[in-house]
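Protein chains: 2
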Amino acid sequence: MSTFKVLALYDFDGEPGSSEMSIKAEEILTITRTDVGEGWWEGLNSKGQSGLFPQAYVQRMKESPPAMPAPVYNQELDDNKQKSTEEEADWDDEWDNDDTYSEIGQGTNNRARESVYANEPNQNYVHGSNSNNTADIHVDNKGGTVSKKSLNRFSNYVKSGLESYMLGTLNQPTHGKKIHVYRDEQCLAVWEPLSNPYTVQVTSPKKATKMGGLKSFIAYSLTPSFSNIEVSRRYKHFDWLHDRMCDKFNIVAVPPLPDKQISGRYEEQFIEHRRVQLQEFVNYVCRHPVLSQCEVWYHFLTCTDEKQWKQGKRQAEKDPFVGANFCMSLESPEKELLQSDKDKIDDNLNYIVKMDQNVKKLMQTCQDQWNKCSNMYKREFHRIGESFFALGSSLDLDGKIPSEVATEVQQLGTVYMQIGRLYEDQARDHWQALSDKLYIYKGITSSIPDVLHLQKSSETKKRDCEKTIQNPLQLNDIRKRGDCLTYAVFAELNHFQMEKNTDLRLSMKTLLVDQIKFYKNIVGQLEDTLSRFN
Amino acid sequence: MSTFKVLALYDFDGEPGSSEMSIKAEEILTITRTDVGEGWWEGLNSKGQSGLFPQAYVQRMKESPPAMPAPVYNQELDDNKQKSTEEEADWDDEWDNDDTYSEIGQGTNNRARESVYANEPNQNYVHGSNSNNTADIHVDNKGGTVSKKSLNRFSNYVKSGLESYMLGTLNQPTHGKKIHVYRDEQCLAVWEPLSNPYTVQVTSPKKATKMGGLKSFIAYSLTPSFSNIEVSRRYKHFDWLHDRMCDKFNIVAVPPLPDKQISGRYEEQFIEHRRVQLQEFVNYVCRHPVLSQCEVWYHFLTCTDEKQWKQGKRQAEKDPFVGANFCMSLESPEKELLQSDKDKIDDNLNYIVKMDQNVKKLMQTCQDQWNKCSNMYKREFHRIGESFFALGSSLDLDGKIPSEVATEVQQLGTVYMQIGRLYEDQARDHWQALSDKLYIYKGITSSIPDVLHLQKSSETKKRDCEKTIQNPLQLNDIRKRGDCLTYAVFAELNHFQMEKNTDLRLSMKTLLVDQIKFYKNIVGQLEDTLSRFN
Numbered sequence: 001m002s003t004f005k006v007l008a009l010y011d012f013d014g015e016p017g018s019s020e021m022s023i024k025a026e027e028i029l030t031i032t033r034t035d036v037g038e039g040w041w042e043g044l045n046s047k048g049q050s051g052l053f054p055q056a057y058v059q060r061m062k063e064s065p066p067a068m069p070a071p072v073y074n075q076e077l078d079d080n081k082q083k084s085t086e087e088e089a090d091w092d093d094e095w096d097n098d099d100t101y102s103e104i105g106q107g108t109n110n111r112a113r114e115s116v117y118a119n120e121p122n123q124n125y126v127h128g129s130n131s132n133n134t135a136d137i138h139v140d141n142k143g144g145t146v147s148k149k150s151l152n153r154f155s156n157y158v159k160s161g162l163e164s165y166m167l168g169t170l171n172q173p174t175h176g177k178k179i180h181v182y183r184d185e186q187c188l189a190v191w192e193p194l195s196n197p198y199t200v201q202v203t204s205p206k207k208a209t210k211m212g213g214l215k216s217f218i219a220y221s222l223t224p225s226f227s228n229i230e231v232s233r234r235y236k237h238f239d240w241l242h243d244r245m246c247d248k249f250n251i252v253a254v255p256p257l258p259d260k261q262i263s264g265r266y267e268e269q270f271i272e273h274r275r276v277q278l279q280e281f282v283n284y285v286c287r288h289p290v291l292s293q294c295e296v297w298y299h300f301l302t303c304t305d306e307k308q309w310k311q312g313k314r315q316a317e318k319d320p321f322v323g324a325n326f327c328m329s330l331e332s333p334e335k336e337l338l339q340s341d342k343d344k345i346d347d348n349l350n351y352i353v354k355m356d357q358n359v360k361k362l363m364q365t366c367q368d369q370w371n372k373c374s375n376m377y378k379r380e381f382h383r384i385g386e387s388f389f390a391l392g393s394s395l396d397l398d399g400k401i402p403s404e405v406a407t408e409v410q411q412l413g414t415v416y417m418q419i420g421r422l423y424e425d426q427a428r429d430h431w432q433a434l435s436d437k438l439y440i441y442k443g444i445t446s447s448i449p450d451v452l453h454l455q456k457s458s459e460t461k462k463r464d465c466e467k468t469i470q471n472p473l474q475l476n477d478i479r480k481r482g483d484c485l486t487y488a489v490f491a492e493l494n495h496f497q498m499e500k501n502t503d504l505r506l507s508m509k510t511l512l513v514d515q516i517k518f519y520k521n522i523v524g525q526l527e528d529t530l531s532r533f534n
Numbered sequence: 001m002s003t004f005k006v007l008a009l010y011d012f013d014g015e016p017g018s019s020e021m022s023i024k025a026e027e028i029l030t031i032t033r034t035d036v037g038e039g040w041w042e043g044l045n046s047k048g049q050s051g052l053f054p055q056a057y058v059q060r061m062k063e064s065p066p067a068m069p070a071p072v073y074n075q076e077l078d079d080n081k082q083k084s085t086e087e088e089a090d091w092d093d094e095w096d097n098d099d100t101y102s103e104i105g106q107g108t109n110n111r112a113r114e115s116v117y118a119n120e121p122n123q124n125y126v127h128g129s130n131s132n133n134t135a136d137i138h139v140d141n142k143g144g145t146v147s148k149k150s151l152n153r154f155s156n157y158v159k160s161g162l163e164s165y166m167l168g169t170l171n172q173p174t175h176g177k178k179i180h181v182y183r184d185e186q187c188l189a190v191w192e193p194l195s196n197p198y199t200v201q202v203t204s205p206k207k208a209t210k211m212g213g214l215k216s217f218i219a220y221s222l223t224p225s226f227s228n229i230e231v232s233r234r235y236k237h238f239d240w241l242h243d244r245m246c247d248k249f250n251i252v253a254v255p256p257l258p259d260k261q262i263s264g265r266y267e268e269q270f271i272e273h274r275r276v277q278l279q280e281f282v283n284y285v286c287r288h289p290v291l292s293q294c295e296v297w298y299h300f301l302t303c304t305d306e307k308q309w310k311q312g313k314r315q316a317e318k319d320p321f322v323g324a325n326f327c328m329s330l331e332s333p334e335k336e337l338l339q340s341d342k343d344k345i346d347d348n349l350n351y352i353v354k355m356d357q358n359v360k361k362l363m364q365t366c367q368d369q370w371n372k373c374s375n376m377y378k379r380e381f382h383r384i385g386e387s388f389f390a391l392g393s394s395l396d397l398d399g400k401i402p403s404e405v406a407t408e409v410q411q412l413g414t415v416y417m418q419i420g421r422l423y424e425d426q427a428r429d430h431w432q433a434l435s436d437k438l439y440i441y442k443g444i445t446s447s448i449p450d451v452l453h454l455q456k457s458s459e460t461k462k463r464d465c466e467k468t469i470q471n472p473l474q475l476n477d478i479r480k481r482g483d484c485l486t487y488a489v490f491a492e493l494n495h496f497q498m499e500k501n502t503d504l505r506l507s508m509k510t511l512l513v514d515q516i517k518f519y520k521n522i523v524g525q526l527e528d529t530l531s532r533f534n
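First to last, the protein sequences are chains A and B.
According to UniProt numbering, the residues represented by the first sequence are 1 to 534, in order.
According to UniProt numbering, the residues represented by the second sequence are 1 to 534, in order.
Next comes chain A alone, as it looks inside the complex:
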């Protein structure tokens, strides 16, 4: 391939002794290879040194703004036109084939990751960068989830289409709902509050079959409080919805769906747990002023007719207001933001990164306790109980029947075995409930830094423009769009803070209340046994 020049946007410290090369921001480099893979490019610096550096850290030097991909909906429209007949035939198949589509991982997560690490900048797929969070859950349990993605921050930004948004090259939408951001004196910005808050109950997971029993799946009932009409949805429907939401909202943190799972999918315990996890997802969406109002979500919640469902599905997939285009529908306060306000993004970034690590750690602890309740603790108490019971039984062999002491010691054995069961039946659920809540917040805390980075990249872009663009009107528009984005990011941040302070806190309080009940139950059982000791 022919060489071209790039401008380094950030400092990058190459690993000494490796093929990596350190680069400095504003250094000009000559690219010699773009097919290194995994997001790396090879290039020469001004001293003639050659090495690898992240593609995301450099920007191709051009006179005109970079040639951005056309907004995704145009592409998709074309694609859809071509594929529509084929797709209609595939529709049922795609939705039903649990083994290949929904559960094994051909869904959002892998797709999202692919695009984040893809080498070619001119791809059509525009997505929310937060959609790859769920897949990381069990990969790295030590630190936070966010660090890994920082390498691709800039390429995310370019791919997100927000650069085009900042430069004003996107078309103003002619229709569609406006999303309002209001100024708030304490936290700068809030989303327009929900005028009609509602809830949705996820209930009665049922195993159903199709094609004369050849294909089986689990269907969950969803009942929105505003309609009270039950709809039936499968995990793959949730997965599809989640994909749409991640595509659409790149400055809103979409809560994660429960992990995909291949084995044990039809086990009662797994199904009930997944129901609880889906309820958590639904709850977060319902309380979110933006997510809870979007069309695809309404469609998902209310559609009961198969034909309408298909129509809605196609429409959602053609939604023009996805990614950067979504930002075009934002209506933010006129008041210009101060630099000191914008600087708070950095504080929040540090805070969220730290919180992400700790949410992850606590979730791990909860999962651990949850597991130990059905295993280790139960086993320990069972062993204590067994030991007492065995001794009690052998005391009965001394011929003096009924032996009081034998009965008492056996009862002591029984109560400890019972306590073991309490761990499995009660304590286990307390930890699981908190773990499920933290799973949602872990998804959010690992997504929000991406949202904040998009804001930071936009700020950088704005400053770049101030150096190169002379037209004050054009510059003013860029500043306004930057502020609009920043307002929205602060609104999203604020929503998260509020949720954390009410929802997460409530879960902890619930754990405390449940644990008190649990230990009181133990006390009650032991007291009952004591009362039978003469």
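Check the hints yourself; a few may be wrong.
As the list makes no split between identical chains, a pair holds if one copy fits it or if it spans any two.
Stated by the list, open to error - Using 30 angstroms as the maximum straight-line C-alpha spacing, the simulated DSBU-like pairs for lysine-lysine come out as follows: (1) K372 <-> K520; (2) K517 <-> K372; (3) K318 <-> K480; (4) K318 <-> K178; (5) K344 <-> K456; (6) K509 <-> K372; (7) K520 <-> K509; (8) K178 <-> K344; (9) K372 <-> K206; (10) K354 <-> K260; (11) K462 <-> K5.
Hint data in this document are derived by calculation from the structure and do not stem from the laboratory.
We have chain A already, so just place chain B on it with the hints.
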């Protein structure tokens, strides 16, 4: 060596495919080797087959009663005469050299085990067979402690001197206290009850030094309730006392002393725990109608003068009423025992062997819980606490100080860490207390089968005599002595049953009460934390 003939006393099933040979009771065998070791002899059966079998399962055939060793006190008297000057010089040294004498295992346990497994029958050392129990504690945790010794049941019997007792070849004591056994309609026999029950408090373990600080040791204070005069005793004094008691009482189960320990002997926790264990030993002795009345015990409890102590020590070591001779001081009911009464020994044997296994199992469970309270459980709760605290602390970074939710989550962390400490400070002690009690009972349940086997061997001897001895007066004496021994064994059995029903039961009740307090404490801590959640 020249061959000689033996009579098989019991059935022995040789391990097929090994050099062992199965023998049948009453079979006559020709001994070809006595130096096989580990209690095995080699011999030929009537079919000319050769193989190994336990020496203890056969009896050398002679016309006259076997040549028994002279009662131990004569031997010891001689030994002591020869050694007296030397010993007086050694006295202090022996008592002070913690490293070589008292703690490393030159004490009772090794000596006792040696004699149980010794090949030569004509040894001088007469001992209580129960003195090797303490050494087994950590050797075989799976089954009971008694199985191992059954191999040597018969040799124990011969060595115990009880055969001589049964045959009436021991001298009637001319002085010394009589030990009374009374008939009881329900349990056949009881020891003469204590007329003046007393208690002894083991308190204030103190580290003391000798020889200008060169030698250091731990001294415990013992205060008997009948004198209220404190005496100071070291572990090695207890050990010496225990040796005397085991020598003296072969049909009384002497409770075990705590294990010897080399490392960590001066650590506070170890010292306090040993104090508790010694208190358990002292308690059992105090409540035992025979043990609590014996001279060496009184000497141990009351002597405060060093000279008198040495005198008493020498006297105790010369006590003529040890082992079989002790039985000469028994005064039992005249009423002849029925065969059906004596058959109860077997039921009791089965029962005690089963109980021994289960006491051991429960003790292991208690030790395990005790250990887990300071380690695993504490760690688990600490980890939970830490996770909450860390998250709470990171919630505080959002800039809104003071953050209520941060404080609450931190408090949740604190309470779980506190619960972890409760496990270490409280629950640990509950399990340790029961474990210490069970340690005593484990010693007893592993000793009593030996006591029962001595009775059974005496019965066998009596039946043998009925076949060979014609003199009805002589036979009547043998029967009387057999009954006397059986009465005493039933009295000891009954004492154990009573203790188990009151003392062991009380310990379990105490655990229950303590555990209720412990879990109530947890509830209280959690409720306190909840009250601080708004």
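Verification of the supplied hints:
no., hint, verdict
1, K372 <-> K520, "both (20 angstroms within a copy, 22 angstroms between copies)"
2, K517 <-> K372, "both (19 angstroms within a copy, 24 angstroms between copies)"
3, K318 <-> K480, "within (28 angstroms within a copy, 108 angstroms between copies)"
4, K318 <-> K178, "within (18 angstroms within a copy, 107 angstroms between copies)"
5, K344 <-> K456, "within (11 angstroms within a copy, 90 angstroms between copies)"
6, K509 <-> K372, "both (21 angstroms within a copy, 28 angstroms between copies)"
7, K520 <-> K509, "both (16 angstroms within a copy, 19 angstroms between copies)"
8, K178 <-> K344, "within (26 angstroms within a copy, 94 angstroms between copies)"
9, K372 <-> K206, "within (29 angstroms within a copy, 43 angstroms between copies)"
10, K354 <-> K260, "within (27 angstroms within a copy, 52 angstroms between copies)"
11, K462 <-> K5, "within (22 angstroms within a copy, 112 angstroms between copies)"
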